[in-house]
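Taken in order, these protein sequences are the chains called H and R.
Here the first sequence is numbered in this note's numbering, starting from 2 and rising by one per residue.
Here the second sequence is numbered in this note's numbering, starting from 14 and rising by one per residue.
Calculated directly from the structure, the hints in this document are not laboratory data.
All of these numbers come straight from a predicted model, not from anything done at the bench.
Positions of the beta carbon are idealized from the N, C-alpha and C atoms, including for glycine.
Among these hints, one or two may not hold up.
[Said to hold, decoys possible] Dumping the calculated BS3-like pairs for lysine-lysine here, alpha-carbon to alpha-carbon at most 25 angstroms: (1) H:LYS69 / H:LYS258; (2) H:LYS410 / H:LYS460; (3) H:LYS129 / R:LYS209; (4) H:LYS367 / H:LYS317; (5) H:LYS486 / H:LYS460; (6) R:LYS111 / H:LYS77.
[Said to hold, decoys possible] Have a look at the derived ranges for each label pair, beta carbon to beta carbon: (7) R:THR214 / H:LYS77: 54 to 60 angstroms; (8) H:SER266 / R:ILE234: 53 to 59 angstroms; (9) R:GLU170 / H:GLY45: 25 to 31 angstroms; (10) R:LYS185 / H:LYS77: 48 to 54 angstroms.
[Claimed, not checked] Stretches of chain H that chain R covers, calculated by requiring three or more beta carbons in the stretch to come under 8 angstroms of a beta carbon on chain R: (11) 53–59; (12) 65–77; (13) 83–89; (14) 139–152; (15) 434–444.
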Amino acid sequence: MKNFLYILMFIITINSLYTKQITITPIPVNTTKDDFNSNITHNGKQIYFTTDRRGGQKVYVAELNNGKWTAPILAKGTINDGDQIGSVSLTSDGQFMLFAATDHQVGGFGRTDIYSAEKVNGEWTNVKNLGSKINSDAWDSQPMISNDGNMLFFVSDRKGGYGGTDIYMSVKENGDWGKAFNLGSVINTENDEMTPVIGVDNINFTFSSNRPGGFGEMDIYVSKMKGKSFTKPENAGEPINTNADEFFYYSLPNSDKAYFSSSRSGGDGGLDIYIAEPNPFESEAVFLLNGVVSDAKSLKPLGANIVITDLETGEKVADLKSDDNTGEYYVILQEGKTYSITAEKDGYLFFSERYEVPKSKKGESKTKNINLSPISGGNTRLLVFFDFDKSTLKKESIPELERVVKFMKKNANVNISIEGHTDDVGAADYNDKLSDSRAAAVKTYITSKGIDAKRIHTKGFGMRQPLVNDKTEEARATNRRVEMKILN
Amino acid sequence: MKFLKLCIILFLIGYSTSGLFSQENVLRPKSPAKSIDTYEASTYKIRVGLEAGVNYNMFSQDITWLSEIPNSIFNVFSSASGISPYFAAVLDFPIQPKLGFQLRAAYDGRNYSNTYTGIVDCNMEGIIVDAPVESKITITGADLSLSALLRYDITNEFVVTAGPMFLSSLGKYQQETILTSIGDECFFDYPFDPKKQVTSTEEIENINSRFGIDLGLAYMIEVSEGVYLAPTVRFNYVFSNITDTQDEIDATRENTIGSSPITSTNAKLHALKFGIGIWF
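Bound conformation, chain H alone (with noise of 0.2 angstroms):
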């Protein structure tokens, strides 16, 4: 009996000495007002938080400059047009929020409803009403969307619901939202559940609630997503929850950091956003994929339109925007898959090119910029596939092709020259052949779309114009190309 209290002593010493203990750290944007959900960008550059310090709740944002936040503005456009603004939740390119207004100028359907907004040359803009489908004439607030824009989480008190407020959720159909349906009992109860945050990896799941057996007031619980069923809520515990109110559980991506809203005592006065670190419950990690979208003959950076697509499936996995001042873009990708990536603005050449990340590289951050061409002299090259050592074009080219045809609709006045090459492997004649027959076939897709073939003139140059002069298979991927060239 003895030497087994032994050992178990010995075992809770060791264990205590390897959990860390959890920091919970104010960050200087509070004030003594209401201060809460702390929605920060990818890129980790800025933090937008809802904060009622002039009186009335409204969107402020604060930037990282040289590990510092600046000091907090009202975020610029439309979107404060009314009263009771903010609860926040951007799209995972930034470029696009939803938020919740009491009374906003664009108008809705009674009480306080869920608005989009979209950012425009640094202001937030077009402020849209998300509709009936989302909307209800009871009190819908606190919208949540998933990294991928396909999910969306919020909370209504209108009729139906298990008690207090209930969190409902609303998956994109077609690109539109679906009909909102409640998220079941294994979530809500006949108390208030608030404040969902779904992870990046769509599986970490926190809300807050004052069902019975927490700390007091507003507690955090964790759950977790698996397809549309949830796992039982748990509550987070101390230090995170206290006999005050916490709220909005925001993990970051690939950190061992989450942002949380509290109460509690000690803060600057009301609700005030705090660190949590260690994270306990943090999202799984993921590949951040970030860059800036140019000009490639200014450098300028550009605003274009960016499409994910999953090569495998030909699905589209994200339709991001790179910032119109900066030109920053990122996005959240998953190990192990092939995709396409395409940039689109008027006035350029589209842009697309093939990006693989390989397994095992959760938690990596990569930059890949994108240089647009302006239509006047530019040249792209072509994301199309052809069956091995033939002129066949596979099923996969098929978007590619169509945006060349709708390129050349857009610009009826342009002509292109349609270019195929090869790498080394084969001999010279027979490679001019297949990369001629290769552009050919590129030539055929487009006019069988009601192109006239005049306007397209087609050329094989073989192994003869190499990108890279080498013999590894890298360089000879590079190598096997088609290019699309506006001749005038």
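We have chain H; now place chain R onto it with these hints.
Okay, now just chain R, sitting in the frame of chain H:
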């Protein structure tokens, strides 16, 4: 007394409508921890503003002659304008998120002038000369103004205020008149002390208490937490006359055309104000 009653009525209207304000916000459908009685106290605080700037004073009155005297130098009194400083302190009492009640006290310097060149009969030792004379008047003084204003926030930055205003003169206004003979035909005090320019000053019997409306537009710029700079433009339209109706005799053309009684009525002094405020 009427002014005080108006202030109280405005405040009561504002306070009574505050109950219409929804307690709802984006965090909670209701605010159970904060009753309506404590909500304003905890979320909305009384703000203090200090403002300084310039008045563009605009004076005008109607002058009528019983018999017409063309080019009378009395025309100089028909209008005047000028710039003077002002300083103000404001208390802002929030009623609703976009609505508030303000009490404003201001020191308004006054300075306005006008110049007119008319014709006078100049008696040069019995020879009457119709000579051109430039008259310039400059009026200076100061008012204390008190305004009770309703504030409405058009956007987060643009704020309009409107309300009644009471003005009280701080002493009597001073009027300086300078007459200058143009040309070489006419001299004042000829032949004893001939000079081409004479200056006189006098006090104006201005009406001490006046009423008007005070309209303002400000742009609030947050310079640090809870501190705002506010470029402001205001217009003070005053209903009350600044002087009573005055009857005088215009004898400036006595020897050639004859004298005429003149009546000055409807003397008004409005002001356009450009200033900058700091709010805490």
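Status of the hints after comparison with the structure:
no.	hint	in the structure
1	H:LYS69 / H:LYS258	16 angstroms, holds
2	H:LYS410 / H:LYS460	22 angstroms, holds
3	H:LYS129 / R:LYS209	74 angstroms, violated
4	H:LYS367 / H:LYS317	20 angstroms, holds
5	H:LYS486 / H:LYS460	11 angstroms, holds
6	R:LYS111 / H:LYS77	18 angstroms, holds
7	R:THR214 / H:LYS77: 54 to 60 angstroms	55 angstroms, holds
8	H:SER266 / R:ILE234: 53 to 59 angstroms	34 angstroms, violated
9	R:GLU170 / H:GLY45: 25 to 31 angstroms	29 angstroms, holds
10	R:LYS185 / H:LYS77: 48 to 54 angstroms	52 angstroms, holds
11	53–59	holds (count 7)
12	65–77	holds (count 3)
13	83–89	holds (count 5)
14	139–152	holds (count 4)
15	434–444	violated (count 0)
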